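A.B. asks: Chains A and B, in that order, are what the protein sequence lines are.
Here the numbering used here is used: the first residue of the first sequence is 1, the next is one more, and so on.
Here the numbering used here is used: the first residue of the second sequence is 1001, the next is one more, and so on.
These are calculated hints, taken from the structure and not from any lab test.
No incorrect hints appear here.
Quick list of in silico lysine to aspartate or glutamate cross-link-like pairs, DMTMM-like style, CA-CA up to 25 Å: (1) 19(A) to 1058(B); (2) 433(A) to 1069(B); (3) 19(A) to 1059(B).
Here chain A is said to cover these stretches of chain B; the calculated rule only asks that three of the stretch's residues, wherever they fall, bring their Cβ under 8 Å from a Cβ of chain A: (4) 1024-1036; (5) 1048-1061; (6) 1065-1072.
Owing to the predicted nature of the structure, the values given are computational and were not obtained by experimental measurement.
All C-beta atoms in this analysis are idealised placements derived from N, C-alpha and C, irrespective of residue type, glycine included.
Below, each chain spelled out in residue letters.
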Amino acid sequence: MSEKIYAWLLRLYPSHFRKAYGYEALQLFRDRARDEKGFFPSLRLWLELLADLAISVPHVYCHVRPELIGASAQQRSDGVPSFHVLEGELPHPGALLFGGVLALVTLGGFPILLSHAGNNATSQQSFSQPPAPPQKTQDATRTNDRTAAGAPELDAALRHSVIAKAIEYLKQYYIYPEVAQQTADALLAHERSGDDDAATDGAAFAQLLTRQMNDVSHDGQLIMVYQPVRMPERPPRPTSEEIAQYRREMEANRCTFQKVEVLPHNIGYIKLNSFPDPSVCRAKAAAAMASLNNADAIIFDLRDNRGGSATTVALLATYLFDHPTHLNDFYDRGANSTEESWTLPPIPGNKLSDKPAYVLTSATSFSAAEGFSYDLKMLKRATLVGETTSGRSHMGMAHQIDDHFMIRVPGIRVINPISKTNWEGTGVEPDVKVKAADALETAKKLAQSKLQKK
Amino acid sequence: MPKRKLSPLPSAAFQILLSLVDEDLHGYGIMRQVAHQTGGRMRLGPGTLYSSIQSLLEDRLIEEVDLREDAKLGHQRRRYYRLTSTGRKLARSEAERLADLLRVARAKKILRGDYV
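With these hints in hand, go ahead and build the complete structure from the sequences.
C.D. replies: Structure below.
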């Protein structure tokens, strides 16, 4: 709740500032809120935040640099439609009024929020502090809350059954068997030495187990999740209704091919925001590539791509090769099997297989987008331009432990045939490092100079 | 030529430069280091911190380094900042200026005790 209030207050800052630092400001707030718990520290935190707003908002508005405004104006003339808005020098009076009222409401409502937050204190245990033993009176209140929500009380027996089941899934599915074993041993050791005894709250227990697992595995994707309401049984495969819904969504937004166009100097440009399922989007992907078949170079813009299907990765990569090419192996620990991913046989009439290719990346390019970038980089088939990607290559499944707990276990590992490894944790490094916002311009220039040399 | 935001160097910006002398830090790391080195007197809020960081970046006194995880703070990747050689020089000259000021103050005996 308090995070939402702060997120609203951040709207007082000009958009260029929010765009550059909004996420980090919110992260800083989250860090402080986590570390400064209790009535007085929270009160001090909020007073400091309000004072900080009062000082820094006018400061940020007064110091907008003229050349920055000029720069955003220039970006409009490059032929790509965009929604850059020139910053006014001063905030809108309405925004100031809104901010003032919101600040007063926040200050006024603060004691109420604090007293409410007190009841949930253990559910927000910090990463760096061990859980405090709950006081008896609070504990009784929480037990009632849980009973009302239909969750059983978390006692030693229930904790043990959650740990036992978690270990079973870990050993069965986790990509690295030795790490799975070490993590399992650590969970049992913590349980034996009484480290878990204080956790009578489901969320705190899940967070505690996640931390215990991470301490050993150093894998942030190995996560215990607690849901206070019973989780509905999910069928193992998507229902026909879900598939129909997905098809409607994909048709409505052109299978996330946000832009497919030929830029000046005959450079093909595709902005793709996911790798959609080929069963729905194969034709759309083929049409997009066909429309750029006569381009002299091609740019894949994956800066806003959130991942998706490995089959679509291979399908699109096919256009860049004149022979079937080995992209990746997927090792599935649970099934103890390896699946190879190859591009398809060459597409008749395709002219892009020997054209210069560029992939634009950002720090948020995710999963399959990183796979596409990594594969082409390893094969030296494309030049990557932009930022180091987010660094998720392992794929995982959530396994249900009981009605409330589930564990996410990374179970599939990508093994690139050239590097013999993947980009998990490190991200994919671009060949040309520039800010994501500048990546398109940079790639256009690189393509132009390459084409001129020919 | 726009007016330099950092002339004279605001105290928050100076403290941020000092906080980065020994190691690269992310935003929250800078905030904690500044609180530590000022004995808790200066606790930078997000707005002041990031507007100062923005100015320092624009004047190339600090630079961004890659996103990294801070194992102590969970698994989110954070943007780290590093002092540039220009930033280091500026921090040194600012420290010298303050030392001069301190010498004057001491000569005028407005400070109690010999060691401040």
